[in-house]
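Engineer: Quick note: the sequence shown, position 122, residue 122 per full-length UniProt numbering, numbers continuous.
In short, the hints are calculated from the structure, not lab data. All C-beta atoms, glycine included, are put in the ideal place defined by N, C-alpha and C. Hints are supplied without guarantee of correctness; some may be wrong.
Stated by the list, open to error - Once the Cα atoms are required to be at most 30 Å apart in a straight line, the calculated DSS-like pairs of lysine-lysine come out as:
(1) K65 x K118
(2) K126 x K65
(3) K81 x K54
(4) K54 x K126
(5) K77 x K30
Said to hold, decoys possible - Label pairs and their calculated CB-CB ranges:
(6) K54 x P124: 31 to 39 Å
(7) P121 x V42: 13 to 21 Å
(8) Q55 x P121: 32 to 40 Å
(9) G47 x G83: 30 to 38 Å
(10) P121 x S70: 25 to 33 Å
(11) T106 x L46: 29 to 37 Å
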Amino acid sequence: RGSSLRSFGVRLSPAFLHLEVAKMMAARGKLIAIIGDEDTCVGFLLGGIGEINKQRQPNFKVVDKNTSVSEIEECFKNFVKRGDVDIILINQNIAEMIRHVIDSHTVSIPAVLEIPSKDQPYDPNKDSILRRAKGL
């Protein structure tokens, strides 16, 4: 068993880990994309993940009550096709709206991570990617 930082009593904050992952991806020219409610997107944009590529495509999609399911599906599919996106973050309640599309995503990159929203806590039982990973 190798030693880990945790075995030395070191605790890394989520903000620190997010920053380190973002730095590693930026060094490789890769992005985090986000599909979420306004509060979630603004939080990540303030954290510095907002980008627009040469084709003027942003790496985020704000979903509100007027956003159609087909718009969300199209956005997700576009993020999957982009070569500059390594991770797609999506609010779990929004992921539920396009579950059939997420379930059909079987490649590891871009990785799809379901996250909670301000109004909806994370439910690991609804996360199909997590269930698939546990089955490996």
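Engineer: For each hint, tell me whether it holds in the structure or not.
Structural biologist: Here's how the hints hold up against the structure:
1. K65 x K118: 15 Å, holds
2. K126 x K65: Answer holds: K126 to K65 is near 21 Å, not above 30 Å.
3. K81 x K54: 15 Å, holds
4. K54 x K126: Since the Cα atoms of K54 and K126 sit roughly 35 Å apart, the hinted pair is violated (cutoff 30 Å).
5. K77 x K30: Since the Cα atoms of K77 and K30 sit roughly 17 Å apart, the hinted pair holds (cutoff 30 Å).
6. K54 x P124: 31 to 39 Å: 38 Å, holds
7. P121 x V42: 13 to 21 Å: 19 Å, holds
8. Q55 x P121: 32 to 40 Å: 36 Å, holds
9. G47 x G83: 30 to 38 Å: 23 Å, violated
10. P121 x S70: 25 to 33 Å: Distance hint for P121, S70 holds at roughly 27 Å.
11. T106 x L46: 29 to 37 Å: With a Cβ separation near 33 Å, T106 and L46 satisfy 29 to 37 Å, so the hint holds.
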